[in-house]
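Chain residues, written in single-letter form:
Number of protein chains: 2
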Amino acid sequence: MKTDIEISQNSELLPIGKIASQLSLGEQQIEPYGHYKAKVTLPVANQDTKGKLVLVTSINPTAAGEGKTTMAVGLGDALSELKYKTALALREPSLGPVMGMKGGATGGGYSQVIPMEDINLHFTGDFHALTEAHDTLSALIDNHIHHGNQLNIDPRQITWKRVLDINDRELRHTVIGLGGRTSGVPREDGFDITVASELMAILCLSRDIKDLKERISQILIGYTYDRKPVYVKDLGVQGALTLLLKDAIKPNLVQTIEHTPAYIHGGPFANIAHGCNSIIATRAGLNTADYTVTESGFGSDLGGEKFMDIVAPRLGKTPDVVVIVATIRALKLNGGAAKDELATEDLAALKKGAANLGRHIQAMQRYGKPVVVAINDFTSDTEAEINQLKQYVTDNFHIPSVTCYEWAQGGKGAIDLAKEVVKAADTPHEFKPLYSNHDSIEAKINQIVTNIYGGDGIELTSKAKKQLKQIVQNDWDQLPVCMAKTQYSLTDDASVHGAPTDFKIHIREFQVKLGAGFIVALTGNVLTMPGLPSHPAALNMDIKDNGEITGLF
Amino acid sequence: MKTDIEISQNSELLPIGKIASQLSLGEQQIEPYGHYKAKVTLPVANQDTKGKLVLVTSINPTAAGEGKTTMAVGLGDALSELKYKTALALREPSLGPVMGMKGGATGGGYSQVIPMEDINLHFTGDFHALTEAHDTLSALIDNHIHHGNQLNIDPRQITWKRVLDINDRELRHTVIGLGGRTSGVPREDGFDITVASELMAILCLSRDIKDLKERISQILIGYTYDRKPVYVKDLGVQGALTLLLKDAIKPNLVQTIEHTPAYIHGGPFANIAHGCNSIIATRAGLNTADYTVTESGFGSDLGGEKFMDIVAPRLGKTPDVVVIVATIRALKLNGGAAKDELATEDLAALKKGAANLGRHIQAMQRYGKPVVVAINDFTSDTEAEINQLKQYVTDNFHIPSVTCYEWAQGGKGAIDLAKEVVKAADTPHEFKPLYSNHDSIEAKINQIVTNIYGGDGIELTSKAKKQLKQIVQNDWDQLPVCMAKTQYSLTDDASVHGAPTDFKIHIREFQVKLGAGFIVALTGNVLTMPGLPSHPAALNMDIKDNGEITGLF
Numbered sequence: 001m002k003t004d005i006e007i008s009q010n011s012e013l014l015p016i017g018k019i020a021s022q023l024s025l026g027e028q029q030i031e032p033y034g035h036y037k038a039k040v041t042l043p044v045a046n047q048d049t050k051g052k053l054v055l056v057t058s059i060n061p062t063a064a065g066e067g068k069t070t071m072a073v074g075l076g077d078a079l080s081e082l083k084y085k086t087a088l089a090l091r092e093p094s095l096g097p098v099m100g101m102k103g104g105a106t107g108g109g110y111s112q113v114i115p116m117e118d119i120n121l122h123f124t125g126d127f128h129a130l131t132e133a134h135d136t137l138s139a140l141i142d143n144h145i146h147h148g149n150q151l152n153i154d155p156r157q158i159t160w161k162r163v164l165d166i167n168d169r170e171l172r173h174t175v176i177g178l179g180g181r182t183s184g185v186p187r188e189d190g191f192d193i194t195v196a197s198e199l200m201a202i203l204c205l206s207r208d209i210k211d212l213k214e215r216i217s218q219i220l221i222g223y224t225y226d227r228k229p230v231y232v233k234d235l236g237v238q239g240a241l242t243l244l245l246k247d248a249i250k251p252n253l254v255q256t257i258e259h260t261p262a263y264i265h266g267g268p269f270a271n272i273a274h275g276c277n278s279i280i281a282t283r284a285g286l287n288t289a290d291y292t293v294t295e296s297g298f299g300s301d302l303g304g305e306k307f308m309d310i311v312a313p314r315l316g317k318t319p320d321v322v323v324i325v326a327t328i329r330a331l332k333l334n335g336g337a338a339k340d341e342l343a344t345e346d347l348a349a350l351k352k353g354a355a356n357l358g359r360h361i362q363a364m365q366r367y368g369k370p371v372v373v374a375i376n377d378f379t380s381d382t383e384a385e386i387n388q389l390k391q392y393v394t395d396n397f398h399i400p401s402v403t404c405y406e407w408a409q410g411g412k413g414a415i416d417l418a419k420e421v422v423k424a425a426d427t428p429h430e431f432k433p434l435y436s437n438h439d440s441i442e443a444k445i446n447q448i449v450t451n452i453y454g455g456d457g458i459e460l461t462s463k464a465k466k467q468l469k470q471i472v473q474n475d476w477d478q479l480p481v482c483m484a485k486t487q488y489s490l491t492d493d494a495s496v497h498g499a500p501t502d503f504k505i506h507i508r509e510f511q512v513k514l515g516a517g518f519i520v521a522l523t524g525n526v527l528t529m530p531g532l533p534s535h536p537a538a539l540n541m542d543i544k545d546n547g548e549i550t551g552l553f
Numbered sequence: 001m002k003t004d005i006e007i008s009q010n011s012e013l014l015p016i017g018k019i020a021s022q023l024s025l026g027e028q029q030i031e032p033y034g035h036y037k038a039k040v041t042l043p044v045a046n047q048d049t050k051g052k053l054v055l056v057t058s059i060n061p062t063a064a065g066e067g068k069t070t071m072a073v074g075l076g077d078a079l080s081e082l083k084y085k086t087a088l089a090l091r092e093p094s095l096g097p098v099m100g101m102k103g104g105a106t107g108g109g110y111s112q113v114i115p116m117e118d119i120n121l122h123f124t125g126d127f128h129a130l131t132e133a134h135d136t137l138s139a140l141i142d143n144h145i146h147h148g149n150q151l152n153i154d155p156r157q158i159t160w161k162r163v164l165d166i167n168d169r170e171l172r173h174t175v176i177g178l179g180g181r182t183s184g185v186p187r188e189d190g191f192d193i194t195v196a197s198e199l200m201a202i203l204c205l206s207r208d209i210k211d212l213k214e215r216i217s218q219i220l221i222g223y224t225y226d227r228k229p230v231y232v233k234d235l236g237v238q239g240a241l242t243l244l245l246k247d248a249i250k251p252n253l254v255q256t257i258e259h260t261p262a263y264i265h266g267g268p269f270a271n272i273a274h275g276c277n278s279i280i281a282t283r284a285g286l287n288t289a290d291y292t293v294t295e296s297g298f299g300s301d302l303g304g305e306k307f308m309d310i311v312a313p314r315l316g317k318t319p320d321v322v323v324i325v326a327t328i329r330a331l332k333l334n335g336g337a338a339k340d341e342l343a344t345e346d347l348a349a350l351k352k353g354a355a356n357l358g359r360h361i362q363a364m365q366r367y368g369k370p371v372v373v374a375i376n377d378f379t380s381d382t383e384a385e386i387n388q389l390k391q392y393v394t395d396n397f398h399i400p401s402v403t404c405y406e407w408a409q410g411g412k413g414a415i416d417l418a419k420e421v422v423k424a425a426d427t428p429h430e431f432k433p434l435y436s437n438h439d440s441i442e443a444k445i446n447q448i449v450t451n452i453y454g455g456d457g458i459e460l461t462s463k464a465k466k467q468l469k470q471i472v473q474n475d476w477d478q479l480p481v482c483m484a485k486t487q488y489s490l491t492d493d494a495s496v497h498g499a500p501t502d503f504k505i506h507i508r509e510f511q512v513k514l515g516a517g518f519i520v521a522l523t524g525n526v527l528t529m530p531g532l533p534s535h536p537a538a539l540n541m542d543i544k545d546n547g548e549i550t551g552l553f
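As given, the protein sequences belong to chains A and B, one line each in that order. Counted the way UniProt numbering counts, the first sequence spans residues 1 to 553. Counted the way UniProt numbering counts, the second sequence spans residues 1 to 553.
Keep in mind that the hints were calculated from the coordinates and are not lab data. Hints are not guaranteed to be accurate.
Treat identical chains as interchangeable: a pair holds within one or across any two.
Subject to a maximum C-alpha distance of 20 Å in a straight line, what follows is the list of computed PhoX-like cross-link-like pairs (lysine-lysine) [claimed, not checked]:
1) Lys432 with Lys419
2) Lys469 with Lys228
3) Lys412 with Lys50
4) Lys233 with Lys469
5) Lys465 with Lys390
6) Lys544 with Lys2
7) Lys83 with Lys18
Computed from a predicted model, the values in this text were never measured in an experiment.
Based on the sequences and whatever the hints tell you, model everything.
And the structure:
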């Protein structure tokens with residue numbers, strides 16, 4: 001069996017100008033980066049949206065992932081095969097996980113965006129530009145304090161940490177500014193991974209350069225000794241930071257193995273941030289294609305909810321149809337089957353676990369959206385299992401469910417799904433928002449917990465209560481909430497699978513992201529800087545003298 | 001008067017394919033990055049060298065610089081105007097100084113490489129790829145220790161620091177690995193600026209991917225508890241690190257305002273490293289042009305010497321002619337004139353200061369090389385001053401000196417220089433190396449101090465003596481020496497100007513760079529992480545809603 005990179009390397013690539021012309025983008029609207037990648041100039045993204053939008057989300061994922069990106073790519077190729085002008089709008093991979101454990105994020109098998117080695121390694125430099133802009137702001141803050149601290153910033157209350165696009169646990173907690181009078185002011189600090197940077201969230205939620213600069217100027221960087229908020233605009237460096245992102249804000253264009261155009265742009269942490277590609281890229285898709293297929297991070301309880309409540313209002317468009325990806329394996333795990341027995345038929349576990357899928361369908365239907373279930377085929381799935389799952393979906397929700405073979409077959413393995421998606425996208429329906437921004441922060445979270453997670457309330461630590469008071473005092477409570485919760489469970493306990501009831505969500509802490517325009521509610525212990533495993537993927541990678549690459553996956 | 005960025009923005013850019021075709025590079029040999037930048041595929045750089053090589057160096061510079069890059073660009077344009085097929089081979093700017101004080105590094109006035117805003121901001125991402133590779137190695141080292149430390153690495157003896165392409169004094173000295181059992185092992189660390197990374201020096205001294213990987217595997221990262229050296233190859237991650245540099249190693253092609261092709265590639269710190277653009281870029285020039293104009297960092301005592309002793313052997317070619325850039329202002333300063341009186345005619349100070357130029361001429365002649373002096377015109381220079389300086393050069397060295405107006409006039413302001421350069425480059429001569437790698441480290445440094453600086457010996461601290469012992473024990477003393485010395489003086493004291501005699505150079509410390517293939521000899525206090533000034537350049541920068549950029553210089 002060929003590896004993903006072997007399939008990618010053996011695929012024929014069309015010149016990027018040809019891919020662009022499929023979307024009626026002319027020479028002057030693209031900036032080539034090599035022969036097979038391009039940035040698209042901005043005006044495209046600022047026109048009105050007109051195409052249909054397909055949101056791909058999933059059940060609570062397992063550690064291996066449920067193949068959501070693979071499904072999105074396969075669906076895009078299938079729609080192309082049905083002669084619809086189609087574009088993908090996906091996130092860029094982060095180099096931290098690429099070098100660590102997860103590998104790349106460009107789909108798999110015959111449903112990949114290519115050239116996968118370029119997309120997974122630096123791509124067009126967007127993440128590096130974000131790292132540079134983020135840490136330049138850090139340097140400017142510390143430099144301000146070093147040169148007299150006119151703004152009276154309290155070094156103990158700086159909330160703007162540093163970032164690197166690397167999995168490096170060693171940098172989570174640091175002390176900086178050591179070395180005496182000429183080397184800054186000693187203080188505690190730490191590094192997050194670049195995808196967790198508020199600048200990443202801002203880039204992905206901005207409509208244009210003007211919006212980007214305004215949002216950057218609003219970033220809260222910390223507090224003065226007398227507890228007054230300090231913003232980027234107080235330092236006066238929003239111009240320089242926006243300048244550093246002048247190219248990063250332009251969406252990137254590549255292609256799938258079957259030459260469907262793919263906008264790949266931005267990749268905010270699905271945990272601490274909203275976890276969806278840039279709205280500029282999605283708008284570019286909506287403007288240039290009949291169908292735009294996008295995905296959101298983790299399950300529908302996380303990325304799906306955030307897409308509806310945070311992204312859609314900025315995008316100016318809600319999905320015309322939602323695809324929920326499920327695997328028989330993951331549902332059996334959710335039903336109590338052991339991790340090492342997922343390849344064995346287990347109808348009882350599947351029956352129990354299917355309730356997890358049910359919850360995700362209900363959550364997306366809560367927004368008034370047509371839903372289609374995509375069952376991502378594994379060779380270990382039995383006919384009896386597949387039939388039982390389909391029956392469950394039909395009996396309980398009267399919506400279509402389709403088995404998909406996009407990993408092994410590319411677009412033609414997802415043709416049936418594409419047909420159902422087209423049908424569902426034409427269903428008249430009305431979007432029902434979950435909450436109003438005028439609701440209190442607690443009310444917003446309660447809506448999410450009861451309607452999406454299936455829980456029955458929230459509990460705040462005393463720290464969170466104190467922070468909430470400050471949020472209200474500063475008039476920041478009119479912002480939407482961005483939940484930071486484990487992706488493995490509908491609860492805040494990663495070990496609780498299936499469709500639990502009678503649980504509360506525990507809010508440990510709030511983080512104020514005024515540039516991104518949301519309040520992060522942290523539940524449990526959320527890591528914003530991953531570590532590397534004992535045998536990092538980096539150890540398997542190589543490049544031969546002739547430039548041939550191995551070990552990337 | 002127009003600013004540099006205004007001149008750049010008002011210049012007509014030719015499509016990069018047209019620039020490439022001037023060097024007979026076809027479509028398949030370039031990878032466009034936007035419409036006006038490209039990477040050149042490697043095979044070009046691996047062929048034999050055949051063109052003439054012009055090395056531009058200078059007297060001891062002042063804080064403002066003597067316009068060496070501007071002169072190199074003007075000379076390139078002048079050679080083009082004389083109908084020679086010409087290429088520039090220059091260094092890439094670092095974002096740290098761009099955001100800080102120095103500004104960009106793309107020439108000035110009508111002698112610039114363009115688009116200057118792109119070259120100064122991220123360019124094609126080479127420096128970011130180096131930062132990523134460097135810090136990925138750091139993370140892999142700490143991760144190895146965290147997961148059991150099989151190699152027995154002593155965290156107190158790790159010599160591989162972290163880097164960022166930012167001027168950030170706050171990160172010079174840090175403590176990392178805090179936060180308990182799951183967040184690494186506490187230890188002292190610190191950040192250098194990316195251009196000071198050994199990976200940058202390696203990239204610039206490598207001939208191809210194979211060479212790059214071999215050099216990376218040789219990097220010394222620290223010592224075990226029982227003081228044995230630990231190399232990158234012991235960690236087995238040279239493949240992954242090389243992979244991260246697969247595009248960074250390809251030279252970048254841009255153009256001057258007058259459309260002379262310019263390879264801009266790499267930029268090692270001229271202080272702690274050798275300070276010259278990549279040999280791959282210079283070889284690309286030698287292969288594709290009749291004349292390649294390159295420059296080395298700081299004065300001929302630093303970059304010039306390093307070009308001859310470190311770069312030329314790897315390049316497989318020595319310069320056919322050396323151009324030494326001087327300004328009347330800087331020579332007057334060297335002759336004792338006050339900083340704020342350099343605009344006033346002062347023949348006595350100039351006479352005294354001219355001896356500094358004399359030393360640099362002697363140094364380059366020591367290598368057997370034809371030398372041409374280029375006087376970079378300033379409006380404050382008087383005719384009497386210029387005549388006196390030219391007379392000094394004629395009387396003492398019988399070599400040509402030419403006044404140049406390339407800043408105000410572009411190539412035609414350097415036509416006279418170009419004619420003298422062509423004449424000198426055709427002079428038959430023989431290269432005389434300064435030392436043999438079989439000489440001891442002390443003997444090598446002595447050669448540099450006595451022949452190039454004009455001093456009379458060296459003194460080692462006890463620390464340096466101890467390190468030298470270790471260097472000899474490990475058989476590392478067959479490597480060339482890379483001097484780290486102030487650029488403002490021929491001595492190791494920045495305040496000593498002119499042409500001092502009877503001085504010793506004090507070696508404080510050695511650093512072993514086995515990947516780059518040299519031993520760094522540190523004199524005085526060399527900063528490898530600059531700080532930002534009280535009013536950083538970043539405060540003046542802006543980008544308007546329409547994308548127009550201001551405040552970059």
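Comparing the hints with the structure gives:
1. Taking the closest pair of Cα atoms, lysine 432 and lysine 419 never come within 20 Å of each other, the shortest separation being 25 Å inside a single copy and 77 Å across copies.
2. For a Cα distance limit of 20 Å, the shortest separation of lysine 469 from lysine 228 inside one copy, 14 Å, qualifies, whereas the shortest one across copies, 57 Å, does not.
3. Proximity of lysine 412 and lysine 50 under a CA criterion of 20 Å is satisfied in neither setting, with 26 Å inside one chain copy and 55 Å between copies.
4. With identical chains, the CA atoms of lysine 233 and lysine 469 are never at most 20 Å apart, being 24 Å at best within one copy and 54 Å at best between copies.
5. For a Cα distance limit of 20 Å, the shortest separation of lysine 465 from lysine 390 qualifies neither inside one copy, at 45 Å, nor across copies, at 78 Å.
6. Taking CA atoms no more than 20 Å apart as the test, lysine 544 paired with lysine 2 passes inside one copy only; the shortest distance there is 19 Å, against 49 Å between copies.
7. In this assembly of identical chains, lysine 83 and lysine 18 lie within 20 Å of each other by CA distance solely inside one copy; the values are 17 Å within and 38 Å between copies.
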